[in-house]
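Going down the list, the sequences are from chains P and Z.
Letter 16 of the first sequence, counting from 1, is numbered 16 in our numbering, and no numbers are missing.
Letter 78 of the second sequence, counting from 1, is numbered 1078 in our numbering, and no numbers are missing.
Some hints could be false.
If you want the footprint, here are the derived chain P segments under chain Z, 3+ residues with CB under 8 Å [stated by the list, open to error]: (1) 66–75; (2) 434–440; (3) 488–501.
Hint data in this document are derived by calculation from the structure and do not stem from the laboratory.
Using N, Cα and C, we set each Cβ at its ideal position, and we do this for glycine too.
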Amino acid sequence: MPIDRPIDPHGDRTDPPPIAGTLGGNESGAREGRLGSVTGYSGSLRDLAARSGCDGPKDRDRCYSQASLCNSACALGLTGFITDAAIVHHGPAGCAVTAMSIANSKDQLAGSLGLDNSRSGYVCTDMDESATVFGAVDTLRDVALETYRRYRPSAVFIGASCVSGVIGEDLDGLAREVAEELGVPVAPIHCEGFKSRIWASGFDAAFHAILHHIVKPPERKRPVVNVINFFGSARKELTELFAELGVEPLFLISNTSVEELSRLSESVATVSTCGTLGSYLGTGLEELYGVPYVRALQPYGIAGWTSWLRALGEVLGKQAEVEAIVVRERDRYLPRIEEVTAKLAGLRAVVGMGPGYGFNTVRVLAELGIDVVHQAAWHYDKQYDDGRAPSAFDELVTGDRPDISFSVSDLQNQEIVNLLSTIRPDIYFSRHPGSTVWAMKLGIPALCIVDEYHILGYRGTLTFAYSVLDVVTNRSFTENLSRRVKLPYTRWWLEQRHDHFLNPEAGAPAHRTDEEPSHV
Amino acid sequence: MSDSLREVLDQPRYVCALGAMQTVQGIHRAVPVLHAGPGCAQKLAGGIAGSNGDSGYIAPQIYPCTNVSETETIFGGEDALRNTIQGALQVVDADLYVVLSGCTPEIVGDDIAAVVDGLGPTPKPVVYAQTAGFRGTNLQGHDWVLSAIIDQYLGRRPAADVVPGLVNIWGPVPSYDPFWTGNLRELESLVRELGLEPNIVFGEHRGLPELDRVPQAELNLLVSPWVGLEPVRLLEERFGTPFLHYPALPVGAFETSRFLRTLGERLGVASERVESVIDRHEREYYYHIERTCDVFLENRAMSRRFSVVSDATTALAVSRFLVNDFGLVPATQYVTDATPPEHRPAIEAAFRDFQYGITADVVFSTDGFRIHEDIRATDYFGPPLVIGSIFEKKLAESLGGNFLAVSAPLKERLVLSSSYVGYRGGLTLLEDLYEYVLRKFN
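Please construct the entire structure, taking both the sequences and the accompanying hints into account.
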């Protein structure tokens, strides 16, 4: 890349410095503590908005819960896709199941770009009973050295586990020692499962390790825009789009090399396709290296895409180019979008997904004339690492938009099924493994927005609208299934309020009925 | 094997003891109640099942779980567990609740037994097993969970008379064996053909009624090299039920016929009956083999020598089929399921028991990297055939060999109800194998 212009670490800053202190220290910590994020709430979007700031919602625990997800899956699932980094998971064998989960997907992704990922690896220290008593830092050191010998990675990540956390293994000290010995970055990732109910804290833990151990100070500026996303499925579209703005996208962090990550500070801007995902890295790059983090709606639907592109154009000084693209895309797709929207108007929908993607989806559904009668988010960040509320949330509570019934449900499926069986919407939108079928069992067609770019821009909006139309039109799969299966919940549960098990904010135990459940 | 400095769990092909939650889910209307971290259920299920279904009436996405947080690591989690069990009894419509503990509660010393015993009378049975990840593998966990159910549930039910000819079938591990439902159904069908009454507690709507009949069986039939030995021994101790330990999952004509003869002899089935069943199946089986022999025999790409990299059950089953049925020659076989040392000699002996005095070396290793180094250093005198998990795909491709994924992590193929067990299963295995072979020029 040519030198575009000289370095001025703060010259690109378009906003005041974010709240201090979030990015220092050895770990990113839990979102509950760092951002005041919550995993239990029942009310509405406007109620939440009115209570933000110091009077924000307090976290509400549950006196009954089902399994959710932990931050190690997010942290090490992400870093496992770096093409030349090794992960040493310091825990019992089961924690390293992520290595099985990503075994072929990382090869499929790398293969799609013709990348060689043979220097990536994911191993485990396989902690046993004696390790829980005596510790296993020596084993960890041996395994880390052996892993380096095997794969010659450009960096090694040491992943924490509940066991390593509970027995107090010194991962930071060990990482420093091994890094000195090997001469490559060795970064601990503090993703102990018990530390946060919010698995997105694992994104932060991974990005913390990358920010503090991999990213180097800039030597030059490059016409590159960091794109924080998951798997880069819109690589072709966004590369073409960004070329019109004179920049190249660098899709993070799957299919990147350690060398590419080390130069994130040299990019001219950072954008994210998900506010939840991008907060820590985007803010960190801005705070530490002055790389502007583009604050906008995420690029889904018409308003989102336009807002995202305009904000990027502003940072790049390419406003005119952006306006031309907006007009072109609108003229090309809007008539076709309006045509299908007429067929969707009046559908009643429930949305259940992570907050970052969920708020954006709700806005897109409104654009399509679909009535969102309830949104469930797995958690809620009242602010991101820059101290501001999520843009996509703000958008939903400004102007004359109707208020929307809202719950924060920590992936508690019994709450979702309870809501769905009461509301009986025309369609349910999901975006989490294993969460879609439950609506179908109730006879409610469901659409899982598996790919993050499904609703990208005008073209994505058109595709998405037809996906919705197809799902509500041909209900055979849903109805065939629902007629033959039974829900695994008692009638008693379905007759309770969905927030029955949420403790009051004060922390006192919730009222529970004494009546026996009637098994149905 | 190689010059690696130490054995490392690299390319893991099994998970921890808590993975036995899948064994509970395999029993229809039984539900695991986890006292574990928030991510254990979803992570383990996703890794074990891979691209195959892990949902169902009960699913990892709905397991009751204490989602152990920092609070429980400091103050203990017994109250949280009690609430979660009581909530589970109210919310989840199940017939058996199996409490499973994960790492953190066991390290901080939560007394799971005391919590369960202290519940008093419950509307549905509640049992518990200690399955912390650091205690062992999901296969050991499978045994511990079944033993807990035998001990705490079956052991407390009133005694009932033995039903002659009733045979409990054990072996395939739910979900971890990608073909578990099909394999169990095929075993069931073979046992039924001998005029016996099969009883299986796992799979399509088999659950508590089948479990309740377990103590009445005339025989426990264990079809597995080592997984399941502990529970069938416990059943013998508790209910006096003898067991037949048949070490190899029967795949193809040779092993299936031997299996039927062994079982028939053990239970006194008339040999005419056994032989007539075998004869009918073998005629059908060899009808298909005969009409396809040109494809098998006149092929440039197929291998003569093979290695299986898999759990003990799969490695033995596939090896026996390829050697005794299909005429291939075994190179080293790799057993990757962290088989407990006491079971290894018997497995090694089983790999020395092929036709014509053919034997195979067995390496027990959980280190996929070293296994691959070893395979790379082996001369297969032609393209190697490597059968195992998705981890072997790139290896086989890089060696110009043939490949089939048959065990966890499986990936890139979908298994609903198909099976490699029995006569039909052997044919299915050949179909799947040649799907890969036939992609190459011949």
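Results of checking the hints against the structure:
1. For the stretch 66–75 of chain P, the assignment as covered by chain Z holds, since 8 residues bring a beta-carbon within under 8 Å of that chain's beta-carbons and 3 suffice.
2. Counting residues of the stretch 434–440 of chain P whose beta carbon lies closer than 8 Å to any beta carbon of chain Z gives 4, which reaches the threshold of three, so the coverage claim holds.
3. Counting residues of the stretch 488–501 of chain P whose beta carbon lies closer than 8 Å to any beta carbon of chain Z gives 6, which meets the minimum of three for the stated coverage.
This entry satisfies every hint, going by the numbered hints stated previously.
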